[in-house]
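Residue numbers (our numbering), protein chains in the order written: chain A, 13 to 172; chain B, 13 to 172; chain C, 13 to 172; chain D, 13 to 172; chain E, 13 to 172; chain F, 13 to 172; chain G, 13 to 172; chain H, 13 to 172; chain I, 13 to 172; chain J, 13 to 172.
Treat the hints as calculated values from the structure; they're not laboratory data.
Glycine included, every Cβ here is placed at the ideal spot set by N, Cα and C.
Take the hints with a grain of salt, since some may be wrong.
Stated by the list, open to error - Capping the alpha-carbon separation at 30 Å, the derived lysine-lysine pairs in BS3-like fashion look like this:
id, chain 1, residue 1, chain 2, residue 2
1, B, Lys-145, A, Lys-148
2, A, Lys-131, C, Lys-75
3, G, Lys-131, G, Lys-148
Claimed, not checked - Covered, in the sense of this in silico footprint (three residues per stretch, anywhere, with C-beta under 8 Å from a C-beta of chain G), are these stretches of chain I:
id, segment
4, 14 to 27
5, 91 to 102
Unchecked claim - If you anchor each label on the Cβ, the simulated ranges turn out as follows:
id, chain 1, residue 1, chain 2, residue 2, range
6, D, Gly-133, G, Gln-49, 52 to 60 Å
7, A, Ser-14, D, His-50, 48 to 56 Å
8, H, Arg-171, G, Asp-151, 17 to 25 Å
9, D, Glu-85, H, Val-159, 52 to 60 Å
10, E, Ala-152, G, Gly-133, 19 to 27 Å
11, C, Glu-71, E, Pro-24, 37 to 45 Å
12, H, Val-159, E, Lys-145, 32 to 40 Å
13, F, Gly-154, C, Glu-74, 48 to 56 Å
14, B, Tyr-25, I, Lys-145, 27 to 35 Å
There are 10 protein chains.
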Amino acid sequence: MSLATLDTSQHPYLPESSSTLFSAKASQGLSFEQIAQHIGRNEVAAAAIFYGQAKASAEDIEKLSDLLGIDHELLKSQLSGFPDRGRTVEMPPKEPLIYRLYEIVQNYGYAYKAVLNEKFGDGIMSAISFSTKVEKETDADGNNWAVITLRGKWLPFSRF
Amino acid sequence: MSLATLDTSQHPYLPESSSTLFSAKASQGLSFEQIAQHIGRNEVAAAAIFYGQAKASAEDIEKLSDLLGIDHELLKSQLSGFPDRGRTVEMPPKEPLIYRLYEIVQNYGYAYKAVLNEKFGDGIMSAISFSTKVEKETDADGNNWAVITLRGKWLPFSRF
Amino acid sequence: MSLATLDTSQHPYLPESSSTLFSAKASQGLSFEQIAQHIGRNEVAAAAIFYGQAKASAEDIEKLSDLLGIDHELLKSQLSGFPDRGRTVEMPPKEPLIYRLYEIVQNYGYAYKAVLNEKFGDGIMSAISFSTKVEKETDADGNNWAVITLRGKWLPFSRF
Amino acid sequence: MSLATLDTSQHPYLPESSSTLFSAKASQGLSFEQIAQHIGRNEVAAAAIFYGQAKASAEDIEKLSDLLGIDHELLKSQLSGFPDRGRTVEMPPKEPLIYRLYEIVQNYGYAYKAVLNEKFGDGIMSAISFSTKVEKETDADGNNWAVITLRGKWLPFSRF
Amino acid sequence: MSLATLDTSQHPYLPESSSTLFSAKASQGLSFEQIAQHIGRNEVAAAAIFYGQAKASAEDIEKLSDLLGIDHELLKSQLSGFPDRGRTVEMPPKEPLIYRLYEIVQNYGYAYKAVLNEKFGDGIMSAISFSTKVEKETDADGNNWAVITLRGKWLPFSRF
Amino acid sequence: MSLATLDTSQHPYLPESSSTLFSAKASQGLSFEQIAQHIGRNEVAAAAIFYGQAKASAEDIEKLSDLLGIDHELLKSQLSGFPDRGRTVEMPPKEPLIYRLYEIVQNYGYAYKAVLNEKFGDGIMSAISFSTKVEKETDADGNNWAVITLRGKWLPFSRF
Amino acid sequence: MSLATLDTSQHPYLPESSSTLFSAKASQGLSFEQIAQHIGRNEVAAAAIFYGQAKASAEDIEKLSDLLGIDHELLKSQLSGFPDRGRTVEMPPKEPLIYRLYEIVQNYGYAYKAVLNEKFGDGIMSAISFSTKVEKETDADGNNWAVITLRGKWLPFSRF
Amino acid sequence: MSLATLDTSQHPYLPESSSTLFSAKASQGLSFEQIAQHIGRNEVAAAAIFYGQAKASAEDIEKLSDLLGIDHELLKSQLSGFPDRGRTVEMPPKEPLIYRLYEIVQNYGYAYKAVLNEKFGDGIMSAISFSTKVEKETDADGNNWAVITLRGKWLPFSRF
Amino acid sequence: MSLATLDTSQHPYLPESSSTLFSAKASQGLSFEQIAQHIGRNEVAAAAIFYGQAKASAEDIEKLSDLLGIDHELLKSQLSGFPDRGRTVEMPPKEPLIYRLYEIVQNYGYAYKAVLNEKFGDGIMSAISFSTKVEKETDADGNNWAVITLRGKWLPFSRF
Amino acid sequence: MSLATLDTSQHPYLPESSSTLFSAKASQGLSFEQIAQHIGRNEVAAAAIFYGQAKASAEDIEKLSDLLGIDHELLKSQLSGFPDRGRTVEMPPKEPLIYRLYEIVQNYGYAYKAVLNEKFGDGIMSAISFSTKVEKETDADGNNWAVITLRGKWLPFSRF
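Isolated chain A (complex conformation):
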């Protein structure tokens, strides 16, 4: 199995922590599944920490530095701030895998809105009070299916 790596020539605007974390991950040969299990978080969240898209708690930092063999103080200083989210993907995404997700929003956006509005009223599904996961299913014919679940708190528009 190949592991996801980071080539900083291609992602020059990621935080320093990304390069620290990915290069440790590569030398330890660990998958996000293994990392996620170790820190007790979902593997999408674990990967999001690596890309500077999610905040690591003090405990996360400790466990990550242990598992990945990174100097604890270094990692702490690199991860102590608040994530500056949204810097990894250039929109519209050029990467084919990510584009497919974008296309789902483009094609089904108003259908989701219509169904959500009828089910919940006037509001939005939060992307902040939010979790997500990725699962793998294999059907009877041996085909693999990816299942991504998005779960967000429903926020009704305030009346004022």
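Following the hints, put chains B, C, D, E, F, G, H, I and J in place on chain A, whose structure we already have.
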């Protein structure tokens, strides 16, 4: 409960069928849940037909014209072609509900890619061999949560 | 005093209700302050209903049709759906007044983020669980000052 | 409590003073609230100085170099010019917290304009003769609310 | 001498008043110089009213309807609102004359900023407390020169 | 008085001469007014040379190297080519001072065109056979006003 | 030989005169070469008048209305204003023939600048004091070659 | 006479050969006219080689290395690949000289198309089977005129 | 089998001929394969005529009007001009099928260039002296494969 | 014959492996045809690996390091991750050869869609279950033709 409607002043580039379907839906007072049940499809798919984003089969057209009281020939002629997808949402989406979905792709795009690649190898989750659904959950504190599931066939890049 | 009006030549993509409401407002000669008082909402919210950016409740619709002399059924049908927000302002805004607000976000965006993060932790100020108001102050030298207050619920990023 | 930090990999176009100031802030472990109190300015203004978005007076520079332990001459030379504002946020903002502010302008822009015009006449709220502040409120249920106040001088369009 | 006219096929998003005013101007055969003299305003301001970019006072409206032979009530209703500025020029401008002005900003923008900052300190030249005029000069060789003067109040950034 | 400086972190694409000139200006503590007087040019032109937006003559180079204490050969080699104009301002400008100039073009563009066409016929005001200056006025109430004059040769479109 | 025609469905923003002129051209079956000869102008200029990109003199209008059988007063009123140039081609051009011209500018732009600067000094080739023509050559092998000549006055940048 | 030079701070994405060639040109003090004569090519083509926009043949490389005193092997290795054209000019061009060429395409694009189609039929003027040259003319009044000739093979669309 | 149709609400900028041809195709119930056979052209070329992207010869027009039962004079007048290509697809394409083709160019663009350059030298594959076809293959497992062939004349860059 | 090379000044965002591979290819003097034969893949696929657009298998890496004389461990570590596709071509492509491919999509996109839909039903041609090849043909007149074949699995939209 309010129903999703279509204001053609705001969506001048939708197909003619959208205005036929939405105005019949409004006069019949039907929700997408009711429509979906009648045609035996998921309600996101039903809404996608209304927005010209999914193809209606001959049977779907028949059932829709029955349920909604639309002349069968008219609906058939308006729905007989192939959907010209992607015309409903202007990207980046300005609509707050749809923007939240876009933001999820923007923030977690590379995290999804990393996790999917490690789980499945080099490829993409299809947005064509694909289904999706929306569910409503209410937690112990009475908060509502929207759950959107995306399920797509895994397509490995061909070796050539 | 002049009243805000709507020239539909300039805003062809607003919902039909906008033109109904604004033309009734013009013939009744009512300000948003008077309209807001009548429906018991903030005047920014009242104006937002006129621009199709906020949902009117059943009671709002009744009161608006009474005050503005609009046929109740007509207004109900035009306002019954869910607002399709974000269609009024082309970004970056060309309108000088709106541009100044945009410029505040552009110039102070990261300063707000830094201060909010330090005060509240990792999260966002909701624009949905949100209210806003506009006030007028006059200083000792007779200068007028506009005061806009934005009040949003703090949403911490979920840990997952 | 975490402190806001600066990762220059992510903000390569900020002025040199930003990196001087943020790295001193990190080693001193000071919040913007503490820094603002020390220099007698609002904490948003203090943060804006750090991001190169506001001018520091000679006294500000002196106080900042004292508090943060930065060589006075160095800081003076880095802060002596005029801010080149608008370089921190890429518009539309990808950062979720900043996007919410942008969305408020996008959704309520014309409502603000209509209300401001009716209250003040033809003109704009200045973003230059302007101040802003951030406050934290906690409601009876323990929810936190962020309150941002924008206060700008009203400038009527000149008649010529 | 030719007169400036308006072809509404080319400017579909101008306010209704633009087409009323320009077509009356054409049938009366009046120049902006003549119109400006009649209403006692600068000719750039007069033209800006015609393009919906400046507010006409009650007196302006009266004088314009007299001079141009437009029904007074009609003109009053079309000009009673607040201008929705910025809708005439698509940026970057494609029109060669307007592009030259844009190019001046593009080429000399930072030179103006440097000189203005050194002369006035940290602030901006207002485009609201602002007037402008166009003059024609002919040099000794018979060449014509256009002279555009921009005069705006200097607004220093507030300290807060 | 503060002097305009250059922070090359913020302007990485300026020519090498910009950094040579600005850093000498800073160490000599000279304003553009002083520099302009020394080389016998307008101060906007002087600043434009610093930003790589205007060509310095052989004499200008000599005088600049004398006044600023820059090695004559170095400055000559850095300024000997032809300016590659238009690289300083990103359009639309994010800098508030420069944006105000841009906004003037956006709002009054067609008004200028209409007035210029009626005064001069079909053509443009040259931005090449062109000069500009900045003046400071103070009114009776002590308010400062910036006056920018644009003077360009009128070029009629050739008949062919 | 086919003649160039105008399909107004595809060019909704051209001036009214374009549709008057092109439909008369089609019914008279005239080429631009014939039209140009009749009015004594180059055929590119003649076509530019048809697309609203060049001004027709009073004589041109008279000759065009004679040749094309258009009511003289109608044509005069439609062509009396000043061209609002730049509205025909969307940039980058999607039309393959026009794209090739655009590509020449994109590929050889700096080469032209370098050669022109060395030949003429610091300045530009005017696109206003400008004429152009199209010629057809056939080589010995029977291949056709299009030759486009651009001839513009050299304008040196003013020293100020 | 000044010579065209290259400031790599302003053109970071040009090929390495550009900087090799331009710096040799500067130290040899050669114009493109002289270089072109030496290699037996048009001076626009010579400049295009310098900007990485045209391929140098083996002989061109030899002659260039001789004339410019560049190590032959170095130049050969830097010029041996295939040009990656289109990277010099950012479109729309900000450089005033290049913008004028762009404006000619924008204004006369459809006029060229109409005239070319009527002269040659349905097809395009090739920008590949193409040559161009720049000439200088001086008229009786001593004005200089730049003449740019574009000559491309006519390619008819294939029938299939 | 469904037939491709045209919904003019979704394609307002196609030429008038598109709506004439598509509505006749729908009432005759003909596929592009049948139409192509009748006029003796490839079916992609036939469809391109319908979308205004290819020129129909006099014979094509005659055959199309016969087959589709369209008045010959009407069709001739609508198809007599030269196609204004490039107006059907908004780039980047939002339509999923067309996006896949775009993605192939985005992902393999430089690989094609490298291989073509090594095989043919410095030049391009013409998109004008060009033909294309679509074929259907079914593999042993019953999967369908689409095969698109692009065949263009190789044009070497001219030496000048 | 010239070989395709990589100038990293022009492609700063390619992965490190690109520069490793291209510089080895240059010193070995190998064409993509030779490389493709050695690793048993199509030459477009081989080139795509060089540009970071296709995944190399473990065997590919071994063979490439052998053929090109690259340290095996180095190449393995640089090629072990998953390609981050889409980063080579800036869209719309400025490179003339790649633009021609883009133009084919732009001009024939809807024609392909119509023909594919009629042949296969509602779905897309996969760009993932996909292969492509480039061939050279020489016609009777000695003209060279490039033939590019795109072969993708047909994916019907799922019914849900």
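* Check each numbered hint against the structure and report the violated ones by number, ascending. => none
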